[in-house]
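Given chain A, work out where chain B should sit, using these hints.
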Amino acid sequence: MRYFWGVIFLTVPLVGVAMFLYSYVRTSGWLPTNVSSIGDEIDFLFYFILAITGIVFLLTELLLVYAMVTATGRNGGKSSYTHGSKSLEISWTVLTAAILLFIAFYQVPTWARAKFFWQFREKHPDVKPTALVIASQFQWETRQGLWDEESNKPGDFNWKNPNFRDSFVMYNELHIPAGEPVLIYLTTRDVIHSFWVPSLRVKQDALPGAVIPVWFDAAKLRPEDFGPEKTKEFEWVCAELCGWGHYRMRAKVVVHATKEDYYAWLKQKSQEHLTVKPDKGI
Amino acid sequence: MAEHAAHGHGSNGHHQEPSFLFKYVFATDHKVIGLQFLFSGLVFLVLGGLLAVLIRVQLAFPDYAVPLIGNYLFPSNAGQMTPQFYTMIVSMHASVMIFFVIIPLLTGAFGNYLIPLQIGYKDMAFPVMNMLSYWFMPPAFIFILLSFFMEGGAAAAGWTSYPTLSVIRSAAPGSGYGQTFWFLSLLCVGVSSLLGSINYMTTIINCRAPGMTMFRLPMTTWAMFITATLQAFALPVLTVALLMGLLDNLEITAFFVPANLEANTIIQSYPRTISTMFEALGMERFAEKMANTGRPTGGQPLMWQHLFWFYSHPAVYIMILPAMGMVSDIISTHARKPLFGYVPMVLSVAGIALLGFIVWGHHMFMSGMSPVLGSVFMVSTIMIALPSAIKTFNWIFTVLGGNVRFNTPMLNALAFVSLFIIGGLSGIYMASTPTDIHFHDTYFIVAHIHYVLFGGSLFGIFAGIYHWFPKMFGRMMNEFWGKVHFFLTFLLFNVAFFGMHNIGIMGAPRRYADLRSWIEGQDYNSVMMFFNHLISFGVFLLFAVQIIFVINFFYSIFWGPKAPKNPWQSNSLEWEAPSPPPHGNFETIPVVYRGPYEYSHPEVEQDYLPQTLKLDRPIQEGHH
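Quick mapping for you: the protein sequence lines, in order, are chains A and B.
Quick note on numbering: my numbering labels position 50 of the first sequence as 50, and the sequence is numbered without any gaps.
Quick note on numbering: my numbering labels position 298 of the second sequence as 298, and the sequence is numbered without any gaps.
It is possible that part of the hints are untrue.
To be verified - According to the in silico footprint, chain B covers these stretches of chain A (three or more CB under 8 Å from chain B): (1) 4–17; (2) 57–70; (3) 82–91; (4) 184–198.
To be verified - Stretch-level coverage of chain B by chain A, calculated; a stretch enters the list once three of its residues show a Cβ under 8 Å from a Cβ in chain A: (5) 377–383; (6) 405–417.
For the record, the hints were derived by calculation from the structure and aren't laboratory data.
For glycine and all other residues, C-beta sits at the position ideal for the given N, C-alpha and C.
Isolated chain A, as found in the complex:
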């Protein structure tokens, strides 16, 4: 009987590994395509954790199965009588603690690069906001335009009056240039939403009553990656339950091949919108 149950318990690691392999092959690499610079680090950390947890998973599951099938009471129908081992306890505590601490501290720099605003500002002091993104049930409103140097002090962003020159509003579309760091400001009109572009490895909740700076890039896209239309679209979705229409709050981030293409698009778009009187903001 113990072999039967041993085999049954063995199916857990086997099925687990099989499912991972199956989906790896079928999706050519699990994770959504990554086109951002921070994404390389995040993906590497994913594989790094996967390797550690995968090894620990297989070892502990196999040890459990081994313990089960060998637990036959070899001391004359009795178990071995032991209450534990101090040296074993100390060694696995110290070893596990060391591995966990390493995992934790090893990841802090990537997190800092992804989310610490002052780090972004230190590295890119001149980047101006590209857009104000306002979420609402169940759509994304993006206000884009040229940054107006005259009416804004450097670093300031007045979200109630974004002061983009010739700005215009679009829905469920955000245009960015490839290869450049992009800064947007994110807020919401009603409930919590979450700005998520899987391929750019960026996720940030939009918080009622707060305007949050979010930055990302599509740095891995080179001009030669683009087809004749010179843009690429990426899935942009809401990741935080925001009501019944949560699942349909999906939009597109449109990446232009070069900065010049982006500005050309911006100029053309604002020309089109000139006839429409810009509304007063929020």
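Just chain B now, kept in the frame of chain A:
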């Protein structure tokens, strides 16, 4: 202690048999209260399971009408499930399973039933308070069940009920009285748990039998003690948060509602609720003044998340620590081997509890909370894997070199270990802030929580029921059907939940009513639907095979073979009481001579050594 014990013993003799009403309904006997929690928990388990089946019907067949009930529930939608309904059942599945099944079953049912028996006392320290702790549950049941019939349906803001979705009544169909009743219901559950936890702590500290030192307590009681401490510290925060949420939801206050919102553009009209209330009280002028001023604003939605998770993260441990304790006892008993590392096991439970209070922020990495704080929470959260790892190693080393009896309680307990390993390891992906950028709010977290709460807690509950059923009902459960139930549940559980890791890595967002065409242009669709079908059929079958358990459970209560006092040859005190124990538990108050894990002692002929057995010669024993 001795005084208590003598009193307990003395009062048994001239104890008057209470009437039916006070024996089974308003009972003060901890065993009856435990069984009340057990039965109501199992009923809600069925409800929660049904909701899960409905969720999976929608995700696997988003284009089809819901079979059987579709035409009645969604007549205007050709029988197809509406997304409004979907968000409601997603929210209620989690709320029911967490607050009405797992917590009441683990702390309410097993805590009540086992603590006095394992420490050798006649009842809880405060029997009437214990009764009250159960009778705060029925109002909660009524509120949560009624909420389904409110206009707009039950709460649909997720089990986390994040404002402002949950407190702006026009923001979601369920955010009206459905959400109000959700808050009320959880308030009652909270009071129930709080009364229980005070009782558990007091009983364990003050009422232990002579000789029962703290370090002779079985792990189940240790885990219940630490869980009760967790609850006592964390529940006041939840209660406060729920009250604030309730007042916000009634549009009286604005703790969580900032200024300048435009939810559906109509939220700022005032509070008919409160002004009608003042009108009814005869304070028309005040009511009018309130009606004219408009809803107050200026709150902070993040504050709810801090308060809620300050309770609800420790609550995750409230939902697993008792199961860990029970599994430790069950594994040691059926492996016929002393628990490996008793003191490290106790310390790691305490470690989990302590660390459990400083990790709540890991739910909020993407919330707009300071990312600097996020990195601190990352380190504390990853470190909480340490005590969990220590426990896992100790369980495996308890089995290693044992003489395992592969019966149903043991198999379920071993499944707990096997599945908890997965649940524990998958937590690291979300604890790590950088990878959490991708994994936050995807199916990966859904897989993780189900490996911990179903693979962990629910398998622990199954193990506990199979193990203590003979004590609770005086009869044995059917071993063969128990094993069939375990075999199918164990395999189908993995079919149902393992694939969620994979679609989570692909980024499938949780709480989406439709997962098709996820990331267009990346050919995810066929794999996504393959896993969705696999998961759904796994869940349907998993739900169906529970009928074996239900039949076995009820058949055995009435017709199972009579159970002896100590069917598993176990050491701890509950097996010294008759099966089932009478009112007052023990014939004579037991005296304890050793710890609960003296199995297979080489100097003793039999392979167990009850805590109460006085030997005529001293032998070398374990840790004390």
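Hints, verified against the model:
{"no.": "1", "hint": "4–17", "in the structure": "holds (count 7)"}
{"no.": "2", "hint": "57–70", "in the structure": "holds (count 9)"}
{"no.": "3", "hint": "82–91", "in the structure": "holds (count 6)"}
{"no.": "4", "hint": "184–198", "in the structure": "holds (count 7)"}
{"no.": "5", "hint": "377–383", "in the structure": "holds (count 4)"}
{"no.": "6", "hint": "405–417", "in the structure": "holds (count 5)"}
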